[in-house]
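Visitor: Top line first, the protein sequences correspond to chains L and H. The first sequence begins at 757 in our numbering and counts up one residue at a time. The second sequence begins at 1083 in our numbering and counts up one residue at a time.
These aren't lab readings, by the way, just hints derived from the structure by calculation. Any given hint could turn out to be false.
Said to hold, decoys possible - Here are a few chain L residues that face chain H, going by a calculated C-beta distance under 10 Å: (1) Ala-806; (2) Pro-827; (3) Gln-838; (4) Thr-839; (5) Tyr-840; (6) Leu-842; (7) His-845; (8) Leu-856.
It should be emphasised that the depicted structure is a prediction, and the values quoted were computed from it without experimental measurement. The C-beta atom is built at its ideal place from N, Cα and C for all residues, glycine as well.
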Amino acid sequence: MGSLELRNIRKSFGAQEVLKGIDLQVKDGEFVIFVGPSGCGKSTLLRSIAGLEDVTSGTVLINGDDVTVAPPAKRGIAMVFQTYALYPHLSVRDNMSLGLKQAGTPAAEIDVRVAKATDMLSLEPYLKRRPAELSGGQRQRVAIGRALVREPELFLFDEPLSNLDAALRVQTRVEIARLHRQLAATMIYVTHDQVEAMTLADRIVVLNGGVIEQIGSPMELYNRPANLFVAGFIGSPQMNFIEAARIGEAGATIGIRPEHLSVSPTEGRFRGKVIHAEHLGADTNLYLETENAGLLTVRLFGEHRYTADDIVYATPDPAKIHRFDANGKTVVA
Amino acid sequence: MSKARHSTLRTSLVHVALIAYTLVALFPVFLTIVNSFKSKQAIFGQPLRLPGPSTFSLIGYETVLKQGDFITYFENSTIVTVVSIFLVLLFGAMAAFALSEYRFRGNTLMGLYLAIGIMIPIRLGTVALLQGMVASGLVNTLTALVLVYTAQGLPLAVFILSEFMRTVSDDLKNAGRIDGLSEYAIFFRLVLPLVRPSMATVAVFTMIPIWNDLWFPLILAPSEATKTVTLGAQLFIGQFVTNWNAVLAALSLAIFPVLILYVIFSRQLIRGITSGAVK
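Produce the entire structure from the sequences given, and follow the hints as far as they go.
Guide: As C-alpha cells, then:
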C-alpha cells in the first residue's frame, strides 16, 4: 500500500512560481528519485507532498485519498531530513517513539515497532543515548529508524546523505537500498547527486526550473535523454555537446558521452591535443582541445599512457550519438 | 602566532580590569552589609571600618523584624517578581515563537511595535496607568504591579527570544509536525527546551528591575498589605531623621532573595549570553 499521485501541482512564493504544474504518478512499492540542480523546486515538491508546504493549486493523492489540505501527520508519511532533525533533548528510543506516543499507540505496540526498527538498523547499543552522543552516520540511522516505526504508506527522504562523508554515504546508500527491498515500501527521495539517483531509483524524475524535464528509469535517462538538459545532467563526466554544423552533421547539436569516444594516437575523426589527463586507475579522463569539435572530454576504461600535449585522434561510436534540434529536444533518428 | 609570549601579560591585564570592575561594583553592597551590623555612631564615625567588638550591633535587624511587617513585604516582593517573570517568559516566548515561525502580513511591523517598548520607558505612562488601575479597582493590589511589570518586561523578552528561536532548525519543527505534534506541543516540547538558556537570560534581566522598583509600588500599591521590600524600607527614611541601621539591614536582607533566584538561573544565563558569542 502506498501510491502517490500529483495533479498539476503549482506553488508560488509571492510573485515567484517555484513549481509550474507537476503531474506525477508513483506506483505502490516504487523508489522514485527527484533530481535537479539547486533551486529547481525538488525540495519544495517533496515538502508539498509531506504537507509542510501548502500548494498554491493542484491535488495531492496518497493511496487515492485527496490529502491536499491534510496536516502532515494525517498523510501516512514519514520523512528523513538532511540535517537529521533529531530531538536533541530526547534519547534515541524517545526520538523514535514520540510520534507513536502522540498518536496514542499502545505502549506494547510501540515497543514491538521500536525493537523491529532497532534490529533492522543495528541501533541496539545506542537506544539510551542522546543524539549529541552519536556520529553523523548513526544519527541518520536513528532518523531512518524514526521514519520506520511510523510504518508509513510513503517514505520521504530529503537529501539524507548530503551531510555524511563519502565512505558513510556509500554505506548508508546501500542500507537504504536494502531497506527498500526488505520493506517493499514506496519511497520518494530528493537528491542533487546523480550517482545516488542512478544507483537507488526505479524511476528518476529530472526537474529543472519548476517543471519535469523527463521521467524514466536510470538507463532510459542515460540512453534516451529527452532533451539537452537531461543529457547534460545525467552522466559523469558530462556529455560533450558539439555544434552540428561544425562537423557536418544534421540537427542543431550533437551529443556524445565521454565514454563513447575512442582514442587512437594515429587516426580518427577529431584531431586534438591533450590539455589535461586524469588517471583514476579504473578510468582515465582526457580533456582534448580538438581542431573542429572544440573541447572534448574522453573517458577511457583502464590505464592509458597519454599525457598533456600528446596529439591524439578521437572517434565517436556512431550508434551512441545523440542529436538535438534547435529547441534542445532530442531528434529520434 | 606569538600567542605564548603575550598571553601572560594579556591575561593579567584582563584580570586587573575585571577585578577593578568587581571592586567598584561590589563596594556599595559591601558597605551596606558591613554597616548594617554596626551601631549608629559607628556608621557615621567610621563608615569604612569592619564591625569590631565595640561597634557590632544587631539593632538594625531587630528594628526591621519588630517594626513593620517585613515578612509580608518579602512575600509581596517575591510574589510580584515570580509571577511577573513567569508571565513575561510565557507570553514573551509565545509572541517570539509566532514572530519567528509564522509568515503573516505585518510580521515585521508587529515585531518592531513590540520592540519599541524597549526604547520608551513605561514610567512615562504612569498617570494613565494609575487612572486605569483606579478605574478597574486594582489600586493597592499585587495584580496591578504584576500587570505593569509584565508589560514592562515583555518587549525585551520578545526581542531576545525571537532572535534565539530563529536559530532552532526548521527541519526539527517539521519533524515534529510529521510526528503529529500540535503547534503548541512543538512550542512547549521542542522549542522551549532548546532556548532554555536564553529564557534564563531574559528571566534575570526582567527580575532585577522588578525587585528593585520603588516607583510603581509607591504609586499603585502603597497600602500596608501590598508593600514591597523596597517600599517597606522607606519606612525608616524620614524627612528629618533616618534610621540608617534599619534601612541598611532591610536592604541587606533584600539582596538575598534575588541572589537565590540568580543562582538558580545563572548556569543557564552564562550559556545564554555566551552561546551567541562563541558560534
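Visitor: The structure should be examined with respect to each hint, and the outcome stated for every one.
Guide: How the hints compare with the structure:
Interface hint status for Ala-806(L): upheld, as the beta-carbon distance to the closest one in chain H is roughly 7 Å, under 10 Å. A least Cβ separation of about 7 Å between Pro-827(L) and chain H falls short of the 10 Å threshold, and the interface hint therefore holds. About 7 Å separates the beta-carbon of Gln-838(L) from the nearest beta-carbon of chain H, less than 10 Å, and the hint is met. Nearest Cβ of chain H to the Cβ of Thr-839(L): about 5 Å, under the 10 Å cut. The hint holds.
The beta carbon of Tyr-840(L) comes within 8 Å of a beta carbon in chain H, closer than 10 Å, and the hint placing it at the interface holds. Because the closest C-beta pair between Leu-842(L) and chain H is about 8 Å apart, less than 10 Å, the hint holds. At about 5 Å, the closest approach between the beta carbon of His-845(L) and any beta carbon in chain H falls short of 10 Å, and the interface hint on this residue holds. Annotation: interface hint on Leu-856(L) holds; nearest CB of chain H at approximately 8 Å, less than 10 Å.
Comparing the model with each numbered hint stated earlier shows that all of them hold.
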